[in-house]
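Okay, so the sequence shown: first residue is 596 according to this note's numbering, each after it adds one.
Everything labelled a hint here was simulated from the structure, so no lab data went into it. No false leads were slipped in.
No farther apart than 25 Å at their CA atoms in a straight line, the calculated lysine-lysine pairs in the BS3-like style are these:
#, residue 1, residue 2
1, K692, K635
2, K746, K761
3, K654, K678
4, K648, K761
5, K648, K692
6, K680, K746
7, K680, K635
8, K761, K692
9, K746, K635
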Amino acid sequence: MIRFFDIFFSLIGLLFGLPILIVISILGFFDTGSPIFRQKRVGINKKPFTLVKFRTMPKGTTSKASHLLTSVSISRLGSFLRKTKLDELPQLWNVLKGDMSLVGPRPNLLNQDDLIKVRDALGVYKVKPGITGLAQINNIDMSSPNLLANKDIEMISTMSNINYFKYIFLTFSGRGQGDKTRL
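Let's have the full structure, built from the sequences with the hints guiding it.
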């Protein structure tokens, strides 16, 4: 049933969000010269996939977790996109393709070895990664691998249609601040 919701809501989001996608793409072109950002991430069964987001940092920024970057790495438009979570909007394409779900553990980078080890041991990679989830609405980012992986497993073990909608609602209502960066 969740896959049906993923397809339905990602299609609706992409159709109704098209004007926003176009405006952000145009603004992003002037901000960073390349509005769309693609990055390999770890997906279900540890299979890599290409995540699509709006670019919030200059081209050529080192590929590492956001909590390891300084806030000066983020562009002015990027700061707004992160605060409003609009940088995540293109990931609806990943959901539609089946690489991700709307709700699930956030997909980590291929080079986050500590997180991969903990998540793999707990079985987090048995489900599709998501745009939002229990860790995100509780402001837990990838800087605490054990805490994050345990929150992921808590979410996975209690996932239901009700919780699926609850996590989406809490995300839209402003819970969670997204990935943190150092000042």
